[in-house]
Amino acid sequence: MKCVNMLAFAFSLLFALSVSATPSLVQMVGFLKQYNKDWSFPRVKEIAASINYTMFDPNVVGRVDITNTFVGAELNTEYLFGTAAQFGDDKNTSLIGVPLNQTIVELVAQGNTISVQLLVTFNWTVEIIPVQFNVMFMFNDEGKVIQYDAQLQHSSWLFQDILPKFVPVLAKELDLPETTSPAVLVGKRASFDICSAHEQFCTGENLQYNSTAECVDFIENKIPFGDVWQAGQNTGICRYFHKAMVSLRPSVHCPHIGPTGGDMCVDRDYRQTVTESPFPQPFFQLPGGLTLADLNLPPPSDKL
Numbered sequence: 001m002k003c004v005n006m007l008a009f010a011f012s013l014l015f016a017l018s019v020s021a022t023p024s025l026v027q028m029v030g031f032l033k034q035y036n037k038d039w040s041f042p043r044v045k046e047i048a049a050s051i052n053y054t055m056f057d058p059n060v061v062g063r064v065d066i067t068n069t070f071v072g073a074e075l076n077t078e079y080l081f082g083t084a085a086q087f088g089d090d091k092n093t094s095l096i097g098v099p100l101n102q103t104i105v106e107l108v109a110q111g112n113t114i115s116v117q118l119l120v121t122f123n124w125t126v127e128i129i130p131v132q133f134n135v136m137f138m139f140n141d142e143g144k145v146i147q148y149d150a151q152l153q154h155s156s157w158l159f160q161d162i163l164p165k166f167v168p169v170l171a172k173e174l175d176l177p178e179t180t181s182p183a184v185l186v187g188k189r190a191s192f193d194i195c196s197a198h199e200q201f202c203t204g205e206n207l208q209y210n211s212t213a214e215c216v217d218f219i220e221n222k223i224p225f226g227d228v229w230q231a232g233q234n235t236g237i238c239r240y241f242h243k244a245m246v247s248l249r250p251s252v253h254c255p256h257i258g259p260t261g262g263d264m265c266v267d268r269d270y271r272q273t274v275t276e277s278p279f280p281q282p283f284f285q286l287p288g289g290l291t292l293a294d295l296n297l298p299p300p301s302d303k304l
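FYI, in full-length UniProt numbering the residues of the sequence shown are 1 to 304.
One or more hints might be untrue.
[Unchecked claim] The list that follows gives simulated cross-link-like pairs (lysine-lysine, PhoX-like), each with its CA atoms no further than 20 Å apart:
#	residue 1	residue 2
1	K144	K165
2	K91	K172
3	K144	K188
4	K33	K45
5	K33	K144
6	K188	K222
7	K188	K165
8	K165	K91
9	K222	K91
10	K188	K37
[Said to hold, decoys possible] Using C-beta positions, here's what the derived DEER-type ranges look like:
#	residue 1	residue 2	range
11	Q153	R268	32 to 42 Å
12	Q153	Q281	19 to 29 Å
13	A183	S277	54 to 64 Å
14	T260	T212	29 to 39 Å
15	Q281	D217	42 to 52 Å
Think of the hints as simulated: they come from the structure by calculation, not from any bench. In this text, all values refer to a predicted model and were calculated from it rather than measured experimentally. Glycine residues also receive a C-beta, built at the ideal position from the N, C-alpha and C atoms.
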């Protein structure tokens with residue numbers, strides 16, 4: 001498969017192709033070039049701390065299939081950039097990788113929307129590994145993102161591939177034999193890190209557990225750790241994703257690592273998830289204002 005590096009785009013050609021678009025193709029590709037720089041470590045740390053990615057419209061709606069739907073620039077900044085912001089800050093091995101650079105594999109542009117397939121090089125602590133994302137971005141007239149929809153391809157396969165490689169590292173950190181189940185090791189690593197973050201940042205009105213022991217027991221015994229595609233469900237991996245944000249805004253994020261999961265780490269209905277769209281408008285329009293009905297195609301249904 002032929003990959004096209006975003007930094008190698010012929011800018012003059014794009015300008016010639018986009019003179020009539022609003023926003024222009026130049027603006028949209030300019031976003032991709034900037035995003036490539038920004039969504040990479042350690043730049044993600046600076047943006048997460050700002051809690052305001054300037055390339056997002058204030059009312060942006062974003063969805064990442066393995067986690068959740070986020071509304072507003074603050075939440076989208078925290079979850080896209082903040083998840084990886086604490087990588088390398090302590091001696092413990094991070095269970096979440098960080099993006100290093102991106103290559104564009106496919107790019108489709110129509111009107112104010114682009115659909116892009118990204119091959120992202122991740123440092124997953126124990127290995128450098130390629131990760132594929134498919135993302136649709138929609139822009140306003142100023143070239144800022146107003147909505148995006150992202151899918152992590154082969155997410156379960158990725159997790160199963162990387163999980164065994166954590167075993168010797170986590171076993172040494174946790175002082176456990178290497179014969180310990182990988183699921184047990186990542187569960188214990190997660191519970192220690194989640195509960196340490198809770199103890200440090202979730203105090204007073206933000207308290208979720210009465211003790212660290214109660215927190216550890218809940219994470220290890222009351223909920224499943226889960227697969228990476230369950231990072232928006234009532235799981236340990238969801239709370240592990242969210243623990244990186246509690247230092248930024250404890251009042252908002254402490255409930256997400258607590259027993260209730262707030263409104264983020266909760267059980268979800270499969271049919272509702274796949275049939276209901278959180279987006280104010282479709283990403284792509286048919287030519288001439290046509291609809292699916294005009295083409296005698298069935299429209300989306302909520303009766304599945």
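How the hints compare with the structure:
1. K144 - K165: Not OK: K144 and K165 at ~39 Å, beyond 20 Å, violated.
2. K91 - K172: 12 Å, holds
3. K144 - K188: Violated, at about 41 Å.
4. K33 - K45: 18 Å, holds
5. K33 - K144: At roughly 13 Å apart (the allowed maximum being 20 Å), K144 and K33 satisfy the hint.
6. K188 - K222: 13 Å, holds
7. K188 - K165: Holds - the C-alpha atoms of K165 and K188 are around 16 Å apart, at most 20 Å.
8. K165 - K91: 18 Å, holds
9. K222 - K91: Given pair K222, K91 is violated - Cα atoms ~27 Å apart, limit 20 Å.
10. K188 - K37: Given pair K188, K37 is violated - Cα atoms ~34 Å apart, limit 20 Å.
11. Q153 - R268: 32 to 42 Å: For R268 against Q153, whose Cβ atoms are near 20 Å apart, the range 32 to 42 Å is violated.
12. Q153 - Q281: 19 to 29 Å: For Q281 against Q153, whose Cβ atoms are near 25 Å apart, the range 19 to 29 Å holds.
13. A183 - S277: 54 to 64 Å: Hint violated: Cβ distance 34 Å, outside 54 to 64 Å.
14. T260 - T212: 29 to 39 Å: Distance hint for T260, T212 is violated at roughly 18 Å.
15. Q281 - D217: 42 to 52 Å: 45 Å Cβ-Cβ, so the 42 to 52 Å window holds.
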